[in-house]
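K.L.:
Chain residues, written in single-letter form:
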Amino acid sequence: MKDFIVGITALIIGLFFTLLSKDMPLLITRGYPGPSFFPSILSIISIICGVILILKSIKRLKSSKEFTSILKVDTFIRMFKDKEVLNAIKFIVMTVIYIALIPYLGFLLTSLIYMLLVQVVYGVSTFKALGISSAMIFFIYILFIGILKVVVPEPILGSIVFR
Amino acid sequence: MNVYDALQLVLQPHIILAVIIAEFFGVFIGAMPGLTATMATALLVPFTYFMDPLAGISMIVAMATVAIFSGDIPAVLLKIPGTPASAAQTIDAYQLGRRKPASTLGADLVCSALGGLIGSLILMFSAPALAEFTSNFSTVEYFWLTLWGLSMAIIISAEEPIKGVLGVIIGFLIASIGIEPVYGYVRFTFGSIELLNGISFIPAMIGLFAIPELLKQISRPHERFTVQLLRGEKVFEQAVVALKKFKTTITRSALIGTFVGALPGAGADIAAWVSYGVTKRVSKKPEEFGKGTLEGVVGATTANNAAISGAWIPTLVFGIPGDSITAIALGALMAHGLRPGPMLFERHGTLVTALFIVFILANILMVVVGYLAIKLSTNILRVPRNILVPIIAVFCVVGSYAVNNSIFDVWVMLVLGILGYFMGRLGIPIPSVVLAIILGPMVEFNFITSLIKADLNPIIFVSRPIAIGLALLTVFTWILPFLKIGRIRRTTT
Chain A
1 MKDFIVGITA LIIGLFFTLL SKDMPLLITR GYPGPSFFPS ILSIISIICG
51 VILILKSIKR LKSSKEFTSI LKVDTFIRMF KDKEVLNAIK FIVMTVIYIA
101 LIPYLGFLLT SLIYMLLVQV VYGVSTFKAL GISSAMIFFI YILFIGILKV
151 VVPEPILGSI VFR
Chain B
1 MNVYDALQLV LQPHIILAVI IAEFFGVFIG AMPGLTATMA TALLVPFTYF
51 MDPLAGISMI VAMATVAIFS GDIPAVLLKI PGTPASAAQT IDAYQLGRRK
101 PASTLGADLV CSALGGLIGS LILMFSAPAL AEFTSNFSTV EYFWLTLWGL
151 SMAIIISAEE PIKGVLGVII GFLIASIGIE PVYGYVRFTF GSIELLNGIS
201 FIPAMIGLFA IPELLKQISR PHERFTVQLL RGEKVFEQAV VALKKFKTTI
251 TRSALIGTFV GALPGAGADI AAWVSYGVTK RVSKKPEEFG KGTLEGVVGA
301 TTANNAAISG AWIPTLVFGI PGDSITAIAL GALMAHGLRP GPMLFERHGT
351 LVTALFIVFI LANILMVVVG YLAIKLSTNI LRVPRNILVP IIAVFCVVGS
401 YAVNNSIFDV WVMLVLGILG YFMGRLGIPI PSVVLAIILG PMVEFNFITS
451 LIKADLNPII FVSRPIAIGL ALLTVFTWIL PFLKIGRIRR TTT
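Chains as they are written, first to last, in my numbering: chain A, 1 to 163; chain B, 1 to 493.
Just so you know, these hints were derived from the structure itself, not from any lab.
Be aware that one or more of the hints could be misleading.
[To be verified] Partial pick of chain A residues on the chain B-facing surface, computed with a CB cut under 7 Å: (1) I12; (2) F16; (3) P35; (4) P39; (5) S111; (6) P155.
Beta carbons are placed, not taken as given, at the ideal position from N, Cα and C, and that holds for glycine.
With the hints as extra help, turn the sequences into a complete structure.
P.N.:
This is the structure in structure tokens:
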């Protein structure tokens, strides 16, 4: 199943970059390799690898029960119902929201809320999470902003809200 | 080599302080199962931009040195390797540690330090000589060298070479975003101004190495470990036994570790497996391996720390990273205006010598920091995942942002991190992707420039003796899988 997915992905990557490279010259003056020379070679290798992997996985699974399940939607639904994958997806969603909010609320405030929220969602008690998050923000402020002079994103609303 | 000037550079309070802080950071990350030394390096690098070059690079060296040792702590106390480099000796270390955990860790610490010291000495003497040898290399030799580096990454780091090839292709394509290196043509930017300069290296490294680890950890947020408790034993008791009984094993393992570490794409984990295998083969009691033998632990742990120094040989001499840690460190060197290669030794000789001294210093200080880590190990291992992960995620964000003060880089980090997580689940090796991001543009530049120089005559690629040698080496690497030599990892695991 894994090989089948990797094969399909390789095929898509290869075709995608072949299409993108079409607008660039493969060879330029006097036949020197142009800017799309390497990407085109890589795309072709990717397509070949993809086909090999798909054929290999089909050959391997042909006689087994797994073959019939490859194209079933159930397999994908089951994959997304897997608790480990769900936990990872929850974390990704929270991180996307966190990064999206940084320009509006600033780095420190957003980070405080993010750390607090993630800890609570994954089972840490609210008071403990608040204590840890506040302590970490203080530490980050002293170390990165105070000592290392790292520039962190400031909010659009202005530094009166938070840095 | 002006050792006196270099010593003066190193023995400044802020450099020593930087080394000690980095070692404590390395202890913590290395000891946490699942968090790797590579991830720690990726997190550390953005902050080294704000320091002077020696302090910044010293932190990376010291952190990686200690993190590799520290990965043995959960191996002994939990039977879980803290980093992949500790996997080879985990069973022996755990079995041995059931009787005397602190003392096993003590032996581990001393042998790691010795391995690191021997590796550092080899680095110190071989790198300048190699740099002098390579000073006459042209684009042709560099083309073969970089192609060989990529080929090694495919053969060694992937369980299936075809997935290694895919990893390299993905890395190569990521690196081809932005302005093309020979003609200045804009590629794959989709009209984005931010992508004109290509994908920023450090956010990409943080994304590819740190985010997948965090996602793996948060997938099982409530996982608890049963930690083996330390008893009131002498920490260095087994170390004395190891030094008396296994002098040859230590020396041999350090040499193996340095050599394997110097191979592009190999790294500390493969060095440990190879050395463990050789130690077992030449041992008088091979039947004791896997049942808690000190000899097995010594063989693997000495090699993995020696490999850390070994990996810096091709990094400094050719600009080709020996492992994923040096791949990231390469970005830090470049950021400080230090371009690896023969000219680095000519122009910044004192700084390079100072760096060698830092390697030695880091390994010596590791004994002190490691001793404290052994004493505190049970507490380090009890930090819950659901507290640690969001904190590290915030560090990833600030690190990615700090490089160019750009929120776009933070998005790059996250997108590549998610990509890395799924690639990891599908068996595509991340180190191959990273090596291709670094070496891809070099392969392309050297290939096209050589052809232009020779007016499209392909004979140029085999026109010089060293180029022929490197070409043969590359072709030999391609046929390795068929000879089944390249499948070291699979057979040993």
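K.L.:
Evaluate each hint against the coordinates.
P.N.:
Status of each hint after checking the structure:
About 12 Å separates the beta-carbon of I12(A) from the nearest beta-carbon of chain B, more than 7 Å, and the hint is not met. Checking F16(A) against chain B: minimum C-beta separation of about 9 Å lies over 7 Å; hint violated. For the restraint placing P35(A) at the interface with chain B, the shortest Cβ-Cβ distance is roughly 4 Å, inside the 7 Å limit, so the hint holds. About 6 Å separates the beta-carbon of P39(A) from the nearest beta-carbon of chain B, less than 7 Å, and the hint is met.
Interface hint at S111(A): satisfied, since its Cβ lies 5 Å from the closest Cβ of chain B, which is below the 7 Å cut-off. Contact between P155(A) and chain B, as hinted, is not supported at the beta carbon level, the nearest pair being about 12 Å apart and thus beyond 7 Å.
In terms of the numbered hints stated before, the structure departs from hints 1, 2, 6, listed from lowest to highest.
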